[in-house]
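Those protein sequences? They're chains W and B, same order as listed.
Residues are numbered in my numbering as their position in the first sequence, beginning at 1, plus a constant of 1203.
Residues are numbered in my numbering as their position in the second sequence, beginning at 1, plus a constant of 723.
Since the hints were made in silico from the structure, they are not lab data.
Treat the numbers as computed from the prediction; the structure is a model and nothing was measured.
Hints are not guaranteed to be accurate.
To be verified - Now the in silico label distances, taken between C-beta atoms and shown as ranges:
1) B:R837 to W:Q1545: 54 to 64 angstroms
2) B:D922 to W:N1546: 45 to 55 angstroms
3) W:G1230 to B:L923: 18 to 28 angstroms
4) B:D922 to W:K1535: 54 to 64 angstroms
5) B:L923 to W:V1466: 52 to 62 angstroms
6) W:Q1545 to B:D922: 43 to 53 angstroms
7) B:L849 to W:Q1449: 51 to 61 angstroms
8) B:D922 to W:F1523: 44 to 54 angstroms
9) W:T1284 to B:R837: 42 to 52 angstroms
Unchecked claim - Heads up, incomplete: computed chain W residues facing chain B, CB under 7 angstroms, no partners named:
10) L1267
11) P1287
12) A1300
For glycine and all other residues, C-beta sits at the position ideal for the given N, C-alpha and C.
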Amino acid sequence: MADGGAGGFAEAGADLELVGITKRFPGFTAIEDLNLTIPAGSFFALLGPSGCGKTTTLRLVAGLEDPTAGRILIGGKDVTTTKPYQRPVNTVFQSYALFPHMTVLENVAFGLKRRRIADAIPRAHEALRLVELDHVAQRKPAQLSGGQQQRVALARAVVNRPALLLLDEPLGALDLKLRRQMQLELKDIQQDVGLTFLHVTHDQEEAMTMADTVAVMNKGEIEQMGAPEELYELPKTAFVANFLGQSNLFTGTVSSTSADSIVVSVGDTKIEVPRERAQRHAGAVTIGVRPEKLMLHTSAPKAVSGTNVIGPGRVTDVSFSGVSTQYQVAVKGLGSIVVFAQNMVFGPVVNVGAEVWLAWTVDHGFGLADDPADAPRFEPDTSTRSLAIQKRESLEAELDDEA
Amino acid sequence: MAFGAFTTTAAPPTDAGARKRSKVALILLLPGLAYLALFFLVPLVSLVLTSLQSKVPGGDIGEYQFDLVFANYGTVVGQYGEHILRSFGYALVATVLALLFSYPLAYFLGVTLRRFPLLQALGLTLVIAPFFISFLLRTLAWKQILSDEGMVLGTLKNLSVLPADAHVTGTAGAVIFGLAYNFIPFMTLPIYTSLEKLDLRYVEAGGDLYASPARTFFSVTLPLSAPGVISGTLLTFIPAAGDYVNASNSFLGSPDTAMIGNAIESNFLTQQNYPAAASLSIILMATILVLVAAYVRRSGTEDLV
Chain W
1204 MADGGAGGFA
1214 EAGADLELVG
1224 ITKRFPGFTA
1234 IEDLNLTIPA
1244 GSFFALLGPS
1254 GCGKTTTLRL
1264 VAGLEDPTAG
1274 RILIGGKDVT
1284 TTKPYQRPVN
1294 TVFQSYALFP
1304 HMTVLENVAF
1314 GLKRRRIADA
1324 IPRAHEALRL
1334 VELDHVAQRK
1344 PAQLSGGQQQ
1354 RVALARAVVN
1364 RPALLLLDEP
1374 LGALDLKLRR
1384 QMQLELKDIQ
1394 QDVGLTFLHV
1404 THDQEEAMTM
1414 ADTVAVMNKG
1424 EIEQMGAPEE
1434 LYELPKTAFV
1444 ANFLGQSNLF
1454 TGTVSSTSAD
1464 SIVVSVGDTK
1474 IEVPRERAQR
1484 HAGAVTIGVR
1494 PEKLMLHTSA
1504 PKAVSGTNVI
1514 GPGRVTDVSF
1524 SGVSTQYQVA
1534 VKGLGSIVVF
1544 AQNMVFGPVV
1554 NVGAEVWLAW
1564 TVDHGFGLAD
1574 DPADAPRFEP
1584 DTSTRSLAIQ
1594 KRESLEAELD
1604 DEA
Chain B
724 MAFGAFTTTA
734 APPTDAGARK
744 RSKVALILLL
754 PGLAYLALFF
764 LVPLVSLVLT
774 SLQSKVPGGD
784 IGEYQFDLVF
794 ANYGTVVGQY
804 GEHILRSFGY
814 ALVATVLALL
824 FSYPLAYFLG
834 VTLRRFPLLQ
844 ALGLTLVIAP
854 FFISFLLRTL
864 AWKQILSDEG
874 MVLGTLKNLS
884 VLPADAHVTG
894 TAGAVIFGLA
904 YNFIPFMTLP
914 IYTSLEKLDL
924 RYVEAGGDLY
934 ASPARTFFSV
944 TLPLSAPGVI
954 SGTLLTFIPA
964 AGDYVNASNS
974 FLGSPDTAMI
984 GNAIESNFLT
994 QQNYPAAASL
1004 SIILMATILV
1014 LVAAYVRRSG
1024 TEDLV
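Bound conformation, chain B alone (with noise of 0.2 angstroms):
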């Protein structure tokens, strides 16, 4: 009889069955409601709250108190100002890197190696393949590569193409590089996935129509692929702004490179100053979404997400 408000009888559907159906909804959707509730917004509740608290006075190294201290944002981005812009630059700049990397690549594999299934699972498995290996020993393995005696680099100086005292680690070149390297496989299998649906009859038409093969691809291929581009570089403007890996000491940065996530891992693990790191915080997850919001927006395809 329970089944009976799931069955589509000759009766038409009732309200009270509408209704039943929506409190099973509801009762299946409860345990994701209760971890959002628990691990994101307690969390986030907690981090605006600390981001607030103002120092004991006459109290310990990492003892903050209950407060509201708005004050704490001004500090903050007077102190870290240029990490903060640091870190949207440099994600710009990775983003676009990793961009113009990864489109070739994901029509490559998408449209070229169409009628080559065998190839294009190949390919594909390359793109993910460096997933196999942690993220950090992959980053680290770029800083031995790069370091001032390293391959690379020690080859370079005995052929005498660079000088002695050249360095690429620890430079603004290395972390935006890492960035990018980091990020392609984010971008290039959304786009890929774009691409892949892509009709070659509208290039055809569009060749037909008097376009050439750029302005073909600039007014066709392009839009027609641009729910993967966006998705693509959201997926990595988003992390790759608040990366803290990349950029740190330990692997292809250094203090001069320090992006917004070092300030915000110093600060809370170092210095212990909480209310500083939570207000670092809150002001990337801000910008963050401003930043993505407007550019959703522009790109008119809100329907993409």
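Extracted from the complex, chain W is given alone in its bound form (with noise of 0.2 angstroms):
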């Protein structure tokens, strides 16, 4: 036990630093001259669609990658070239990786025993009794179900007490009720011991309910980094924009500037969007409004200053989900604007096919820096009809996914 990073257990969060990685497969870049710090102590998610490199980003960090170039510290040391067993890191991984032959106590002794902690057994019984697993001590990890065996993987991890653990989506094979229960329990840990946590996700709602700082990862690359809140209500590119939650966007150019607005022509319709929640403030600019911002009026309302008025426009669809209906509404040269509204009384407001303006606070729109070419974005076929057939794929998806 010569090096106090795996001796012993952390007595905080370190830092994690990544310098200028990249890392090539063959055939592809995983990771672009990724620069990343993350403060001791924090809850750091990663977030991004499949294939973004956040993954890899992990196996770097744990070490069962190397990187073509760059380099990774843990506490301020370089741990670029050291081996995945000698790194203060612990990894819940997305598969469990749960030892078969071995009891869940022995899975999740095994850390422990490997740094010859005295107290290995006890200290395995608490982590177990923490996921609530305790009386399952004794069974091999074949015997038990998905959820389990991902709470036993959390368990082998946490016991450790790493200065950074890492979480490769170590929430998905949890049903909605056990998942909220160790989110907060992870937040538990995670601010009792002040551990820095690492979570890999393409699950926008989990990054954002559970992490202080999220990264929005695209293409091997960090599109947008910042609190949850910020990156919704102020998503600087066309990628987070959609990604995270729903955003209606339109591409017009600057008419005119004012000392603290920018004014947008979109065909015939001027949008006006704040200066500082603009990246761009000249030439062709894609400008930006989250779908719960818009007001759906029956009748042309009032203009008033600090107001945007689009319409009037036209109800193609009306989805009740519960809290809120969701339209769709076209408006001609717009296209089709989704529009958020809560139920505050029965039933939708207006119906299909309806004449509707939409209005919104000048201070809820943002401009992005890029134009939505720039994102994948598929043509929105939005009927109702479709939007089941496309969330029963993605179910399905995330079921093949699991098995």
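Quick one: dock chain against chain with the hints and give me the complex.
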């Protein structure tokens, strides 16, 4: 036990610093010149679609892959060339990777025993109690359900109190209730011990509810990084605007600017965006607004300063989702616009075919640094039926992934 | 109508259906059972009876009559005790050597070459290739290679690395070498099958949990490939203990290295002492059975065979 890192328990989390990391596999580049600093004690989420390089980043930090270029520092120490077992890092694997020939208890105690921790077994029991699985300590992993296995995998990593805990889609197989519970548990553990968590996920909701800082990753690069609210309220790229929730995006040219706002002409419509919320202030720009910020009006509202009004448009689809209703409004020259309206009254306010106007406060708009064409965006086919089919397909794909 | 019994209709399966099915299964089993009875059970009983026979008083050599002379067993143990011990000793050492050679080979084929299916297939073919030549011929070839004036010893003697009277054939080392060599494919293939399925993510997890590569090997890789190791060692140890080719005078052995198989052969074919040969055979069989049962039990993998 020569090194302080792998021996003993981490007193606190450690900083993670990635400097100019590039990872190439034969035939493709997974990560290109990635620079990232995760402060000690933070809960950091790397969010992105599959194939964006987030899992590769995690494996690089764990030492399971070697970077083609760049350096990895944990707690200020360069660990780029150290072996996985020498790094003060533990991983909750997406596939759990629980040792099938050992009992649940032996699995959880494995890391402790390797480090010759004296009270490995009591500590393992304690970790199992934390995930409410102490009663199955003597079973083999194959005798547990997927969700239970995932919790064992979590216990097996957390019990080591690593300076840096890596989570690879750790809550994927849990049902909603357990998922919430585990999210809270994870946050508790993280706050109690002050560990640094690096969480990789494609689930934007999970990333936003759990992490202090979210980095949205796309094609091997970080598109935008910040607090969840900041990312949601002020996306800087079309990819972020569409990957984190939904956005209505319009592309036009800046027709006039003032001290605190710019006005963009999209077809015949003029839309105002606050200057400090826009990334570009001249030429062709893409601006957007979140669907829940839009107000539906059945008659043309009076033009008030500080409000954008577009319309008239026609409602092409209404889908009721309990707490809110999603309207699809076709506006001439602007395309199809999504509106979320809280269900303050019984049933939808307007029906398909109704003529409506849309209004939103100028302060809610945002201007992007790129064009929607830069982001992979599918043809908006937003009838209720096709949404249902898409949802079903994505669920099926998720189930296939797990199987 | 007869097929009705096999189709799954809406009606719940009845006992009659199950009984009909089992009858068919029984008929299908019959040839196998008859074969076993005729070629295993009958010879076994005959062997047991032979082992208890006594000499016909005043009869010719090789003339024996029905009797129940249990003392035959005591006699052969006294006479061939050394052979019996030698057999299991040689078989054990040969099994260990074959395992030490085969495990890295199987690991290389099953894990390292995993990403190159063509090379993997080629490697496997090479492991099996010796089977294309008769077992006897291969062993004879080794006798030539290792003979006193052969390529290896001749050269070493000319270079004065070895003294002029050095010899390898006829020694225990040569017999053990021959046994290990001949059973390497039987050891390699089952281990390969286990390692080929090994999920390397477990190995990654071991590394992630502070286990050094050596530690990960002994606590993760080896236990997960245990079924292959156990099958391989059984497939080597059992036939090696009864082998009489490698240890015989005409191959790699000498009278000093004779194993139980050689004693059985000599008693059956040369001395025509059938009761002694039969008793030795049964002792060999029973000992292997006990050893293997203890081994499999200890390994805790009753579910592998």
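Exercise for the section: Provide an ascending list of the numbers of those earlier hints which the structure does not satisfy. Expected result: Structure breaks hint 9 only.
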